[in-house]
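Visitor: Chains as they are written, first to last, in this note's numbering: chain F, 68 to 354; chain D, 68 to 354; chain E, 68 to 354; chain S, 68 to 354.
One or more of the hints may lead you astray.
Any copy, or any two copies together, can satisfy a pair, since identical chains are not distinguished.
Listed below are the simulated EDC-like cross-link pairs for lysine to aspartate or glutamate, each with C-alpha atoms no more than 20 Å apart in a straight line [unchecked claim]: (1) Lys215 x Glu191; (2) Lys215 x Asp94; (3) Lys326 x Asp350; (4) Lys201 x Glu173; (5) Lys75 x Glu236; (6) Lys326 x Asp127; (7) Lys221 x Glu236; (8) Lys215 x Asp84; (9) Lys221 x Glu233; (10) Lys198 x Glu233.
No lab work stands behind these hints, which were simulated from the structure alone.
From a predicted model like this one, the values you see are computed outputs, not experimental measurements.
There are 4 protein chains.
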Amino acid sequence: MEEQNLTKRLVVAALEDLLFEAIPVLDHGFIRAVDYMGSDGAIVQAARVSYGRGTRSLNDDEALIRYLVRMRHSTPLEMAEIKLHVKLPIFVARQWMRHRTSVYNELSARYSILDREFYVPDFENICAQSKSNKQGRGPALEEERSNKVIAILKRDAVQCHEHYNEMIEDGVARELARTNLTINTYTQFYWKINLHNLLHFLSLRAEGHAQYEIRAYAEVIMNIVKAWVPIAYQAFLDYRFNAVTLSAEMLRIVRLLVKGERVERDGTSLTNREWCDLMGWLDRTAS
Amino acid sequence: MEEQNLTKRLVVAALEDLLFEAIPVLDHGFIRAVDYMGSDGAIVQAARVSYGRGTRSLNDDEALIRYLVRMRHSTPLEMAEIKLHVKLPIFVARQWMRHRTSVYNELSARYSILDREFYVPDFENICAQSKSNKQGRGPALEEERSNKVIAILKRDAVQCHEHYNEMIEDGVARELARTNLTINTYTQFYWKINLHNLLHFLSLRAEGHAQYEIRAYAEVIMNIVKAWVPIAYQAFLDYRFNAVTLSAEMLRIVRLLVKGERVERDGTSLTNREWCDLMGWLDRTAS
Amino acid sequence: MEEQNLTKRLVVAALEDLLFEAIPVLDHGFIRAVDYMGSDGAIVQAARVSYGRGTRSLNDDEALIRYLVRMRHSTPLEMAEIKLHVKLPIFVARQWMRHRTSVYNELSARYSILDREFYVPDFENICAQSKSNKQGRGPALEEERSNKVIAILKRDAVQCHEHYNEMIEDGVARELARTNLTINTYTQFYWKINLHNLLHFLSLRAEGHAQYEIRAYAEVIMNIVKAWVPIAYQAFLDYRFNAVTLSAEMLRIVRLLVKGERVERDGTSLTNREWCDLMGWLDRTAS
Amino acid sequence: MEEQNLTKRLVVAALEDLLFEAIPVLDHGFIRAVDYMGSDGAIVQAARVSYGRGTRSLNDDEALIRYLVRMRHSTPLEMAEIKLHVKLPIFVARQWMRHRTSVYNELSARYSILDREFYVPDFENICAQSKSNKQGRGPALEEERSNKVIAILKRDAVQCHEHYNEMIEDGVARELARTNLTINTYTQFYWKINLHNLLHFLSLRAEGHAQYEIRAYAEVIMNIVKAWVPIAYQAFLDYRFNAVTLSAEMLRIVRLLVKGERVERDGTSLTNREWCDLMGWLDRTAS
């Protein structure tokens with residue numbers, strides 16, 4: 068696989084360097100880029116078909132890509148495509164596969180026997196339920212409680228997998244025996260997605276509210292995207308990932324603040340959460 | 068919810084009777100139709116926009132729907148939509164959600180605590196691995212072995228759920244504690260899908276090679292579709308579900324057989340599987 | 068069609084009033100709502116399946132919908148669906164049908180003969196090419212030039228349609244004769260789309276940069292959406308339609324301005340267009 | 068563009084030979100393959116992730132691909148992707164773009180000025196309306212009538228384009244002036260689609276009932292696919308393009324015929340069209 072061939076297609080040297088390398092994620096997972104199509108140049112090429120002579124003023128490729136990302140002109144970004152091989156726990160795969168506009172080929176436990184590999188978090192990732200965020204984690208647990216969690220997760224996963232194996236050896240149908248496995252068992256899939264949809268995935272899964280485990284994967288993909296389409300990646304950071312959306316009411320408030328006026332939350336229709344977000348963005352303490 | 072309101076929309080009495088009724092599936096699951104849009108009449112209406120005056124010869128609604136289904140004219144069927152509330156084991160949900168062209172709102176175990184409900188097959192559904200079908204089940208196991216399987220499935224699921232609860236009570240983040248659950252635990256989702264995509268789902272999941280557990284759901288949906296769009300449903304049975312596709316080579320063989328000629332598998336390029344399929348369709352013993 | 072039936076489904080009285088009414092658009096076009104599924108209440112219902120007990124703090128339906136729209140949680144909005152019958156010029160249909168995640172049944176000129184109806188703009192909508200916006204219109208032309216444009220558009224469309232008719236009467240295949248028609252000829256389609264995708268459509272087509280002709284349709288749809296899902300509609304206005312996105316660099320600048328500092332464009336990495344946008348949003352004159 | 072680079076990706080020599088070559092279609096159109104991802108080998112690779120050890124019996128790559136195509140296992144075929152640059156008349160683009168599961172970047176006449184190029188059929192393609200097929204063409208017209216059609220199409224297109232140019236030179240907005248163009252005017256787009264969806268496109272557009280003009284494009288694409296994925300292409304021909312679907316009733320009839328029984332249409336529930344199709348497939352004269 069590592070041999071090289073000649074092609075007339077656009078080639079991205081920085082991504083070629085990563086191809087087929089399994090980048091480790093979590094305790095047993097990985098991400099491997101296995102194929103790609105297109106580049107920053109291909110995005111420009113597709114956009115120029117649409118705009119034709121009309122893009123003369125955006126004759127700088129970088130400016131054009133940044134404009135496309137900012138204005139959310141999605142189709143030129145859909146012209147680039149990447150294929151990844153991912154090994155991950157089932158519960159992460161379940162979140163991942165909610166992204167429907169992409170292609171999956173997952174290992175089938177009706178055909179194959181799953182290995183005895185399951186995810187157990189590191190110490191620092193065993194956390195209490197967040198009090199402020201109903202779907203998230205709070206601070207790490209103290210050592211003793213963490214040890215107990217780790218012990219439970221390991222023992223139950225091992226036991227379930229042993230019984231799974233026992234049933235299979237006993238001749239039970241694989242599709243039935245596998246129902247005994249825990250959702251931290253590792254699975255794997257090939258995943259193909261276009262750049263537009265991938266950036267949407269990253270905006271949700273590399274973000275602070277995403278569950279730590281899927282974020283670990285998303286962060287690896289961020290680096291792959293950076294190697295693949297560095298200009299589009301930077302535009303994504305500037306115009307989406309590190310951007311904020313001001314609602315109509317937030318914009319009204321910002322206008323007042325810029326004019327030097329004083330605004331209290333009571334004088335606005337923002338929710339508490341919105342007010343805190345806005346104050347945070349503006350480096351102010353929510354009051 | 069059971070109160071009735073006046074509407075100018077098309078109403079399907081037979082489906083209204085089923086609305087909001089939870090139809091039991093497997094040991095703890097159900098399907099409830101919760102909303103719908105369109106009917107056999109709506110399919111016809113949409114098709115007539117396309118064909119305009121050109122459909123005069125198909126002025127019979129039933130003939131038009133049957134023609135659409137036969138010719139796989141998909142868009143008029145996409146004009147009808149249904150919404151179901153489904154409770155099902157996680158491993159069934161995983162197969163189900165591979166159908167990407169539909170909308171899901173699934174219970175999130177990051178927000179909610181899952182009930183202690185998990186799927187254990189009935190005796191007659193605990194089967195050996197099929198020898199002929201790599202992904203399927205063979206004959207039911209004898210009583211003793213089945214008892215053992217049931218005991219394992221129950222004990223492991225109960226134990227994993229108890230530890231899950233224990234961790235949650237201990238303050239562990241829900242998104243973490245749930246990784247200890249087995250994939251036979253029940254989840255639920257709202258599912259919205261158009262008729263075209265639903266028929267595709269049924270053609271794969273109500274079919275003999277589908278895993279028994281998802282087929283149990285698909286069969287309930289078959290009845291819902293029958294109540295909802297009886298003409299399209301019958302056309303689906305006739306032109307797809309109970310139809311067969313003859314490859315070019317199969318067609319050549321059928322032509323010979325119809326002429327009364329004798330054909331041996333050796334004289335064809337069919338695979339063994341194809342030859343058996345063809346002989347089965349023609350009520351012949353594969354030789 | 069105007070008779071009413073009893074249904075157990077959610078009914079939206081304000082939208083029922085509009086059902087089947089053809090609302091005129093442009094000189095010969097119209098939009099008619101012909102069916103719908105769901106309501107503000109259905110969005111809430113679907114969201115609560117996901118969040119379960121976790122949504123207790125958002126027990127107010129309006130707050131929940133506004134949160135969903137703000138956070139771009141798309142699937143509950145995908146649970147609502149609407150069907151429109153639209154009559155429109157071909158060149159508008161071409162823009163419209165770039166929206167791929169929806170269902171179309173368009174009148175086929177291979178089956179039917181198109182009526183002699185074509186779009187000619189009103190006086191005030193015959194404009195010069197914009198100098199600032201490469202894809203847009205500038206000021207209205209003076210009367211004489213407008214009259215000339217109207218005369219050309221009418222004469223050519225009439226002539227092309229007459230020749231089209233002549234060819235058809237002469238026995239030429241419809242699919243061939245229709246190639247002589249101008250792209251301002253009217254066509255029509257049934258269109259079914261879910262609320263999430265519809266709001267995306269509106270954010271692009273009801274917006275100031277959209278071509279006037281498609282905007283005229285989008286504005287009618289805005290009113291239909293307002294009647295159908297008033298809470299989601301208001302949230303859409305507040306969090307998307309009248310919202311602005313600050314890039315990372317814009318946010319940095321706003322922070323400085325709020326602190327009372329002075330910022331010149333030269334000290335930023337904004338493009339000219341971005342600087343003007345930001346100054347406009349802040350009610351400042353771009354300098 | 069014609070220079071070559073080294074890549075670790077799968078390379079298909081036969082398709083590389085075609086890359087960037089404009090293959091002429093109709094009088095002014097073309098198709099150019101501009102990029103691709105995957106190959107027969109990539110389909111196999113993706114499928115083996117799903118089946119894992121379970122595919123040992125299909126250890127022959129060709130047998131596996133043929134099995135996938137026959138059983139309509141779509142996701143491995145979705146793993147291969149191709150990008151084409153197409154120049155085509157607007158009315159052909161309108162049919163083409165009904166295929167929604169692919170990506171388009173079309174030349175925008177709001178930005179650019181369209182060239183004076185429009186489609187006029189060759190003599191042999193100027194046909195009468197079909198009497199049997201409401202959407203199709205019958206026999207070619209005699210010379211005199213064909214000459215008249217050609218004269219009309221040319222004159223009207225030229226005149227409309229001249230007025231279009233005149234308006235643009237007069238300062239009228241491009242988005243407005245272009246509404247005067249005829250739908251046989253040429254446009255162009257970049258088109259990216261995965262192999263699964265492309266085969267679906269070809270099954271509809273390379274087929275005898277498709278309008279001649281789009282079929283001309285589809286036939287060129289058939290050859291591109293043959294060069295790209297020869298095994299999948301042959302499987303497509305055998306199992307789909309040259310295959311037939313027997314409805315339940317057709318299958319019943321075939322069974323009788325194979326047993327040597329005599330069947331009259333009256334004794335069946337087939338429509339006239341179905342009966343003729345079946346007799347045609349079996350090389351019998353419909354009686």
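Visitor: Indicate, hint by hint, whether the structure satisfies it.
Guide: Each hint tested on the structure:
| no. | hint | verdict |
| --- | --- | --- |
| 1 | Lys215 x Glu191 | within (14 Å within a copy, 39 Å between copies) |
| 2 | Lys215 x Asp94 | within (18 Å within a copy, 33 Å between copies) |
| 3 | Lys326 x Asp350 | both (17 Å within a copy, 10 Å between copies) |
| 4 | Lys201 x Glu173 | between (30 Å within a copy, 16 Å between copies) |
| 5 | Lys75 x Glu236 | neither (51 Å within a copy, 41 Å between copies) |
| 6 | Lys326 x Asp127 | neither (36 Å within a copy, 35 Å between copies) |
| 7 | Lys221 x Glu236 | between (22 Å within a copy, 19 Å between copies) |
| 8 | Lys215 x Asp84 | neither (42 Å within a copy, 52 Å between copies) |
| 9 | Lys221 x Glu233 | both (18 Å within a copy, 15 Å between copies) |
| 10 | Lys198 x Glu233 | between (42 Å within a copy, 18 Å between copies) |
Consistency note: the structure conflicts with the earlier hints numbered 5, 6, 8.
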